[in-house]
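A.B. asks: Given only the sequences and the hints, what does the whole structure look like? Please build it.
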Amino acid sequence: MRHLSPRQPEDRWPSKAVVGEVVPFAATVFREGHDKLGADLVLVAPDGARQSIPLSPGAKGSDRWHAQAQLDAEGTWHWHVLAYTDDWATWHHNATVKIEADVDVEVMLLAGAQLLERAAALAKGTPDQKVLRDARTAIMKAKSTPAARLGAANDPRVTAALSRHRLTSLETESEQLAIRVERARAGVGSWYEFFPRSEGAVQRKDGSWASGTFTTAARRLPAVAQMGFDVLYLPPIHPIGRVNRKGPNNTLTPGPNDPGSPWAIGSSEGGHDAIHPDLGTLDDFRTFVGAAKKLGIEVAIDLALQCAPDHPWVSEHPEWFTTLPDGSIAYAENPPKKYQDIYPVNFDNDPQGIRAEVLRIVRHWIAQGVTIFRVDNPHTKPLDFWEWLLHEIALERPDVVFLAEAFTRPAMMQSLAGAGFQQSYTYFTWRNTKVELEEYLTELSQETSAWFRPNLFVNTPDILTEYLQFGGVPAYKVRAAIAATASPTWGVYAGYELIENVARPGSEENIDNEKYEYKARDWASAATQARSIAPYLTTLNTIRSQHPALRQLRNLRVHWSDDDAVLVYSKVTPGRFVRSGRTDGIIVVANVDPHSVRETTVHLDLAALGLPEGATFDVKDLITGEHYRWGEHNYVRLDAFTEPVHILRIEYPKGI
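Numbered according to the UniProt record's numbering, the sequence shown spans residues 1 to 656.
Calculated lysine-lysine pairs in the DSS-like style (CA-CA distance at most 30 angstroms, straight line):
#: 1; residue 1: K519; residue 2: K293
#: 2; residue 1: K143; residue 2: K124
#: 3; residue 1: K36; residue 2: K60
#: 4; residue 1: K36; residue 2: K141
#: 5; residue 1: K141; residue 2: K130
#: 6; residue 1: K36; residue 2: K130
Bear in mind the hints are in silico, worked out from the structure with no lab data behind them.
C.D. replies: Printed below as a string of structure tokens:
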């Protein structure tokens, strides 16, 4: 056996799954000669319970065998493949061919009788024993024709008995591999990001601002919950440095009332374990977390391991930073960008002291009710640090989830995921054409899904792509629909629903960026004037909640269209893995050109949908409510200015 999957490359870390995930297992199984083979997936649950699931051969000549299993318990699962020669199948194939050709007839029938006797011995004491012995007698009945004697081996009762008392030889076990199964939120969720200081912020007559607080921000929670979001991510909530504070649009000339960037953490008011006094107190934060929880929302906070120049660490632990030849401390940089309000921590200086302090901070926030951390720029810290920290937390609190905000090289992104990050930001925001999306969604769902869990954020405070800047409402709908259906985890940054698409000249960021100033949004007015796509986001999250197939990652399959701007993919979960017992299937057809009307033919792989060749079936558009009769080839018209995306529910016939 070779090429077992799922597994993390090099087996440095276990592969991953979440509770309820349908995991595809596969192995290449072969042997010399022409004998028939069989293979089983042997799964061992965290409590030691074992189950054996037959693997099925894939494409003829590939030697690839497959099975699916739904993992329903948290903890570390172990699995291996048991391969064997199928003695009965080998005999049956050879006997059928030879008896039809009138070659070695008696020898083949005698061999079959011996196998049935062997199976009867295995079935001793069960009703199957008589079935198998009766078949042996029939197959040896010389007065019957060879065809009739062979027919006794094809009796359904015999086939069923042999499935229970299998005739195998040369059994071989593969190596044992592990899968770490975590709670569902580690891989399934709808994220919403807002700055609490903006929620309830009020501008005074003199132009200064009164900051929003956790109390005023809590008033926004019902609207977030109503849209169907179940994770609320807050950028850093700590005191903000005053030294080198940034002004509006990342300028170096702040006014006396400018709040600064929340990522410039720390001042005389405290560091990473403190609450910004404008937001309230630690008690206020706990109350906010509790209010969110009552609405079905988990609060995620930012873990940004960096400091403002006036952070307490700078005076208490100057050795934790990089000192330049002129004696100054190095600022954070991403050339040509320079962050004068931030000192990066040098993890090579006093690694033990830094580890102890970060572990203390994470434990502190867990104690306040936080179970999700969005980690800022983890790729600028040592990989072995994250491997250690995430392992320590997993031992204490396996329910805690870490999201890696690492827009970096693929090797580092995937290594962070392997080392323990439950979720990862991706390149999705920059994959906009049909071909780019086909390739990237296939990579995320098939090639790296054993260890890399994507969180498809459609925008962030730092990312406003040209596609969104110039695509208008259609672009915002298309990106949201693809993110919400292609991945079990997706997210939006506040203002997305209001189509905030004006960029700072020469940049990929919103003008008047909320990172550096307050932003008071008139949510009520936008809703009454129908200037918001919040209802559309609500519909997407409702569809996700109603369809198990959309809460899976590895079931995405790309289909075809004749138009270079019409993307087609499906997600299907077989009925045996769905509580209702009915197969759940969704087809997404998206016009990714936000400036046009597209007419094309969509070509579907019916086998990937769990449908027989030549089948026709009903679909319902879950956005518009319209019904269509579809088959392998289907005409589609998508107007970007009305509804640019079909999200089609397959109405499966009974029994599928």
